[in-house]
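Could you build the full structure based on these sequences and the hints that come with them?
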Amino acid sequence: MPTSSPPPAAVEDAAAADGARESLAEVASTEATLRRFLHGLPGIDAVGLQARAASLGTRSIKTTAKAYAIDLAISMIDLTTLEGADTPGKVRSLCAKAMRPDPSDPSTPRVAAVCVYPDMVPFARAAVAGSGVQVASVATAFPSGRAGLAVKLADTAEAVAAGADEIDMVIDRGAFLSGRYLEVFETIRAVKRACLRADSTAAHLKVIFETGELQTYDNIRRASWLAMIAGADFIKTSTGKVAVNATPANTLVLMEAVRDFRAATGVQVGVKPAGGIRTTKDAMKYLVTVNEVLGDDWLSPDWFRFGASSLLNDLLMQRQKLTTGRYSGPDYVTVD
Amino acid sequence: MSETTTPRLDVHKTYKLFVGGAFPRSESGRVYEVTDLKTGDWIANVPLGTRKDTRDAVGAARKAVGGWSGATAYNRGQILYRAAEMLQGRREQFAAEVAASEGISARKAAALVEAAVDRWVWYAGWTDKVAQIAGSANPVAGPYFNLSTPEPTGVVGVVAPTRGNGYSLLGLVSVIAPVIATGNTAVVALAPEAPLPGLSLGEVLATSDLPGGVVNLISGRTEDIAPTLASHQDVNALDLTGVNSPDGPGSARALETLAADTLKRVRRPDVNDDWTAAQGTDRLLAFLETKTVWHPMGI
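Keeping their order, the protein sequence lines are chains A and B.
So that you can map any letter, position 104 of the first sequence is 104 in UniProt numbering, and since no number is skipped, the others follow by simple counting.
So that you can map any letter, position 197 of the second sequence is 197 in UniProt numbering, and since no number is skipped, the others follow by simple counting.
One or more of the hints may lead you astray.
What the hints assert, rightly or not - Just a few of them, taken from the derived set where beta-carbon distance is under 10 Å, the chain A residues facing chain B:
no., residue
1, Tyr181
2, Gln320
3, Lys321
4, Thr324
5, Arg326
6, Ser328
7, Gly329
8, Pro330
9, Asp336
Stated by the list, open to error - Residues of chain A clear of chain B, computed beta-carbon distances all greater than 12 Å:
no., residue
10, Ala127
11, Gly132
12, Leu149
13, Arg193
14, Asn219
15, Thr247
16, Gly325
Because the hints were derived from the structure by calculation, they are not lab data.
Cβ coordinates follow ideal geometry from the N, Cα and C atoms, glycine included.
The structure is reproduced here in structure tokens:
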């Protein structure tokens, strides 16, 4: 029974999802059982995985299918600015772009969300009010995740209180890699609780693994299941702040995990590759992979997102090329 | 064991495009045959560059604008001079290619290659002098220094010469060198019938400290490449020197119409029968913008 209705998660959806997850959540009753479960997941054939991811990237998507894919990709973007130099003004201009990516063409869809630091949430919230664009906030000591639980929860609660619709949390990779799975699990649970609002609705929780730091594909699969059992609404590859970000192969691991998780529990979880996706061609490869691995159910902004900033400009330039027949240039899209 | 020596098998050269400092094949994977003009014999397969190759080349050229236009004129001159040095070192190869492309004798071809080397040097000397003839200190009615200085236009699409004595190399050098000497970057549609000297020139430029993307060389059908350059919104100027089809998508009229949509600076086709003649400064000055600065004085 996949939940087809989109976020923001209504109370009954959340309750149903939690109920369905409970059967699996028992594996997290002790450190030992959780470890046994995660290490009991089937191992990944790295060469086969990379070959499959690469072969899915060779499809040729043209003309009307390309136009559809471009619009779909635009509507899936979490338009992101996560810089130390962010200002309210920059966030506002990002929001303006999110709502109307190409002011010269009103048929351009808006993006799914803007993604900012917690202290920028109030400005983003005010800027996108009423447009349907969601406000996502990173939290829990992004991007390193190196802070005490109390700080992480306060970080989350502040973002939720300021009006964030979605919370992108990072896991503690140090704890995960040293085998303290239960600690990671409990942190995700606690952050999930911190996502609850006063009116008992909840902000959507995305869990970032930083796959570039997890060393092996097996670890990525374990982290995916760990997060999904703990209550993640979305699982996300990377922060965009390390050398290796989203790759087709590690995103494929995430997709296989959410597919298997739905088969096991009936709960559908979204996927968000982030970082390093810069061109329309890259985005097409991911969409093909979603379609082949997960099917139509995930081909919507409610279940698949791109964490990106420069990708949008390339999509817009390609869109202009399809509309006008001539190649566009960076002078015809905004700088940021 | 046998006393008779079998003739050595020739290693044929794989000609490739020159885009962004690298030598890719055409994204289409297609090639076309180039033949010796005199004998009609097959010489080589060269890449059939497409609109997409052209788009990639424009992207590479745009990336290179900042660094190349920001380099000092002196530095640009050194690099152009080095291109001449590298070309000189490969005179024989170029002479053979020019002879086959233009159907002329080896002796004539060698003289044309040497003229091409000299042409590089001549334009190399202009890099730090062009501001003196294109710029000025303007007398104005007020307490200001008023200075006009030339600035590069940006990405220039060039349709390489397709006729005239020495067009395949000397002509090509005579249209590329003035464009890049002033700090522009170039995407060049090579002469479809005679692309070999041009494609080999890429190898010379790649070893001349010229930053990748400053010159990009595409072989293929002019009616594919030139309209793409003319309509591309990220190309700032167009040199139509080699355009000679009377009508159709590759004609000067069609290209100028496309270029007008984005207000490109266009240099119209010209009939040049002899590239060995001394060049003036008009090509250097064709792709420049003027910046005028008013600087208060006496305060």
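For this session: Run the structure past the numbered hints and jot down the numbers of the failing ones, going up.
Result: 1, 9 and 16
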